[in-house]
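The residues making up each chain are set out below.
Number of protein chains: 2
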Amino acid sequence: METLNGLKRTHYCGNVGIEDIGKEVVLMGWVQKSRNLGGLVFTDLRDIEGICQIVFDKDISKEAFEKAEKLGSEYVIAVKGIVHERQSKNPNMKTGDIEVFASELRILNKSETPPIYIKDDDDVSENLRLKYRYLDLRKPSMQKNLILRHKVANIVRNYLSENRFLEIETPFLTKPTPEGARDYLVPSRVNPGKFYALPQSPQIFKQLFMVSGFDRYFQIVKCFRDEDLRADRQPEFTQIDCEMSFVDMEDVISIMEKMMQRIFKEAINVDINLPIPRISYKEAMEKYGSDKPDLRFGFELINVSDIVKGCGFKVFSDATSNGKSVRCINVKGYEKEFTRKNISSLEEFVKTYGAKGLAWIKINQEGVVSPIAKFLDEDTLKQILDRVDGKEGDLILFVADKDEIVFDSLGHLRVEVAKRLNLLKKDEYKLVWVVDFPLFEYDEEEKRYVAKHHPFTSPKDEDLEKLETNPQDVRAKAYDLVLNGFELGGGSIRIYNSDVQMRMFKALGFNEEQINEKFGFLIEAFKYGTPPHGGIAFGFDRIVMLLAGEENIRQVIAFPKTQNASCPMTNAPSDADEKQLQELNIKTL
Amino acid sequence: METLNGLKRTHYCGNVGIEDIGKEVVLMGWVQKSRNLGGLVFTDLRDIEGICQIVFDKDISKEAFEKAEKLGSEYVIAVKGIVHERQSKNPNMKTGDIEVFASELRILNKSETPPIYIKDDDDVSENLRLKYRYLDLRKPSMQKNLILRHKVANIVRNYLSENRFLEIETPFLTKPTPEGARDYLVPSRVNPGKFYALPQSPQIFKQLFMVSGFDRYFQIVKCFRDEDLRADRQPEFTQIDCEMSFVDMEDVISIMEKMMQRIFKEAINVDINLPIPRISYKEAMEKYGSDKPDLRFGFELINVSDIVKGCGFKVFSDATSNGKSVRCINVKGYEKEFTRKNISSLEEFVKTYGAKGLAWIKINQEGVVSPIAKFLDEDTLKQILDRVDGKEGDLILFVADKDEIVFDSLGHLRVEVAKRLNLLKKDEYKLVWVVDFPLFEYDEEEKRYVAKHHPFTSPKDEDLEKLETNPQDVRAKAYDLVLNGFELGGGSIRIYNSDVQMRMFKALGFNEEQINEKFGFLIEAFKYGTPPHGGIAFGFDRIVMLLAGEENIRQVIAFPKTQNASCPMTNAPSDADEKQLQELNIKTL
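Chains as they are written, first to last, in the working numbering: chain A, 1 to 589; chain B, 1 to 589.
Next comes chain A alone, as it looks inside the complex:
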């Protein structure tokens, strides 16, 4: 193996072009492939900018040619040579107009045969990809994703800095998050028996910055939740965390949607029109069955409870008499795409969300075709079709149940149907603010109200007096930004008055002692001049994932964890040293 020994790279492989013809260049990178054709060795040399073709000709350098004959895949080499115009240009290659005739070759490192291919369509298991992540990250798509991630972080930091936001770091070794998800704990050696928690968000600290007068804060910061994982969740994730003083909801929304506009423009050259539309929580649930509505397509939910009340179809009439509801979606114009078998599989699909069945009506050339038609009198059927604008070619799908289940199952069903119809375009970006959230939701397990967002969210002024009497009716000064069915972020105007904050904690079922234990220093801080303030936090991984057109956040994270929160490359988590556990005053069970 040879060394650089002072040799300097002059160009990136991917950047050598027609303007460099005649120049001597020094390139360094990895051998993508290399083959001897008619007495010349042709080597595709790869670096982060792309690939350049190198030609080794024994008439130029016998030594280089002989070394080149032995090159293997992923060898690391340095090449010196002259840029020539190619005889046969390759229009599919950024550097397809040129090739470099090498006068010198240094083999900087060899490579064994890699256990995974360095190409995007390698089709190996994700576990193997993660085990050899350092090779997986050589793939163009992964490099593109992480470059995009860097770019988006820069756009965000520039925008917020220009707008006077200060990035201030908050502690990682801190207190457990009350009313949050499950914390990761860190045993303290110096304080035996005590634990730090890793932050689920810098929520309390950023509010304290407002108390301190820091006015406009932000941070792109790692946060931690010890929850079971899904495709778009990781034990550690990155947030764009913001907070502002002396603002109301309009101020926060306005500055943040401008940031979003800039991200889309600068990162992927997509224009977002402002203002971003808004929808109330209630309307989102009624129309889309979800507070994260995907607005790229229709199939909105329609309530037919009033029509089917007392009708002949027992499932419908029973539901409406039990305070449940009957709602449907009209898969307009796609009747032909759904055979009975397809519809059965949709029924299986809604059952996973708790629905007991899926009633349906098709309208085709023969008229109404439906297993439930015979139970419905003509007038009821007509009223239904009128309401859903039922025309030839339509497929109407019904669920009857508690609102919660109807919303959940039809909400997912409309997305599933759109997916099957190929209506989910990756390059269509439908942003929407969801507003007017309820402040609380009832937790059946804990038998108490819990905060829908978090306990620092301000109630709407006009709902303040219902805090004790009708908590379920109190709306919050909260707002979520949703893109194509994904929540990009959420925020709120915060409570800044210690009395209201106490009332909020009490509404959550805490007594004075618990409040002091969990939130004492915050209540105390609020006594010394707290400005009105509010903010928002965005899921950075998720934003980058959507901008990259990926479906899994692991595709935009360099070293993610698997579903069981482990890393196949490092084997973390791993056994701990007995001695160290003793120092930490803990033992494993």
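Hints should not be assumed to be uniformly reliable.
Copies of the same chain look alike in the list, so a pair counts if it fits in one copy or across any two.
Said to hold, decoys possible - Dumping the calculated BS3-like pairs for lysine-lysine here, alpha-carbon to alpha-carbon at most 27 Å:
#1 Lys151 x Lys222
#2 Lys8 x Lys62
#3 Lys222 x Lys144
#4 Lys579 x Lys518
#5 Lys527 x Lys144
#6 Lys452 x Lys351
#7 Lys506 x Lys579
#8 Lys151 x Lys265
Just so you know, the hints here were simulated from the structure itself, not pulled from any lab data.
Use these hints to put chain B onto chain A, whose structure you have.
Using the frame of chain A, we list chain B on its own:
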């Protein structure tokens, strides 16, 4: 309490100026002070930009005036009014040319009397300051420090991004750091009995990015070490972490010193001349007794062992015959500043570094004055004075001991003397690269060699063959950047050959099994085409501390920990829930 109710701030308090005279402005902030003088209420209103004087006149608004009479310190208010030129201008105030006559006042929040004063010279204990950190952070000096911190981070990110470095995030929940300091551990719930470690640095990950072809990586990132704390150490600290491929030491030094130059220029308008001077580890030790030399003043160490060998002063002659050394510093020209009592206290000082005593020679009007002069013959004395350039007015201070102790005690002594003489100017910035470090140091406790930097540091090519035979003589391709006696950062060219890496691990005393257990995936990664690479990591907190002219990193961290790694504000670390410990499969002892 009143609400904003749509009222918008038009200006920051500190930014209203002569150009705004006649305008109506809306300001929001905290009441610094407020007093009734001759029928007018004068209120100093403070926000992050500064202070503005508000005048409440009952002839303008009786309602505002009456509310203003009741304002207390740190009340949060909004004021609307017209900017007037002041009768008696205050040149000590940024906004001293103007005052705002208020037509409207809203009290947004009240404040109880704060437990600490909101001014820089409050003189309360640091513990109280940290307990009420949200108030402490209202002080102008703390706001200035955190604004500077934000600015420095932006300068670094801009510079590195312009130079094609990508910021890529590395995991926080990862593997223990072999050969590092003590790790913080995080028990895994999903993998019972297993632990993550918080990273001490992203060292291995950044090297894997180089294996992946990411060429130029950086990250401003939190790192963690569970060590006992000192003034400039915290359990969590922030690093500027960089790594580059296809480079040698000159490339890394060159790009990084340009970054440093830019930081000094843009953050505090100080010019740093490039190239930054270099000194070898050996010379730094010989001249300054330290590998973190403070070059703002002289008093360099001088070896007189050869002169005093066999002399009449037993302490000196014994030392030299036992392979120890006798060295001194000449406190040139400051003889008069040091009485015998002062010198005694210097002797006490060096004893804390293990020296047994401090011999001294003064040269004043009467000639040589010294308790040891009588033991030295004239020629020896003359030779000493010649070597140290001893002239009237000088004070020469000697330590005789093992090199290690002599360097440590005289190294600290020269700084202590300079401090007492007020020679440590905060606005003088002497940067120096320390190079040619030894690769290993011998660990007396573990009875083996350990890496002076870390086990991935490359030996110098010409010393490679001594790895097994003379480890103590192997020099490293390592470099530290030192400013005024503080290490700002350190880095190295890394080993990139798996065979050399194996030899290095073996030199550290590991057997194959241990190597595989601790570093297996790295050795494996190195087999698939690893480029030559190197990098550096800077202590971000420390850089900001020095730029801010502070002496304690807690002054540039929003929510630092105390010496016992706790937070007086949140009371972290705290007791954990029994139920959660069970879920984590651990118990406390």
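Taking the hints in turn, this is what the structure says about them:
Taking the closest pair of Cα atoms, lysine 151 and lysine 222 come within 27 Å of each other both inside a single copy (18 Å) and across two copies (21 Å). In the homo-oligomer, the alpha carbons of lysine 8 and lysine 62 lie at most 27 Å apart inside one protomer (22 Å), although the nearest pairing across protomers, at 76 Å, exceeds that limit. Both within a single protomer and between protomers do lysine 222 and lysine 144 lie at most 27 Å apart by alpha-carbon distance, with minima of 22 Å and 25 Å respectively. With identical chains, the CA atoms of lysine 579 and lysine 518 are at most 27 Å apart between copies only, with a shortest distance of 17 Å across copies and 33 Å within one.
Taking identical chains as interchangeable, the C-alpha atoms of lysine 527 and lysine 144 lie at most 27 Å apart only when they sit on different chains, with a minimum of 24 Å there against 49 Å within one chain. Taking the shortest alpha-carbon separations for lysine 452 and lysine 351, only the intra-copy value of 26 Å comes in at or below 27 Å, while the best inter-copy value is 63 Å. Proximity of lysine 506 and lysine 579 under a CA criterion of 27 Å is satisfied inter-copy only: 24 Å between copies versus 44 Å inside one chain copy. Taking the closest pair of Cα atoms, lysine 151 and lysine 265 come within 27 Å of each other both inside a single copy (12 Å) and across two copies (25 Å).
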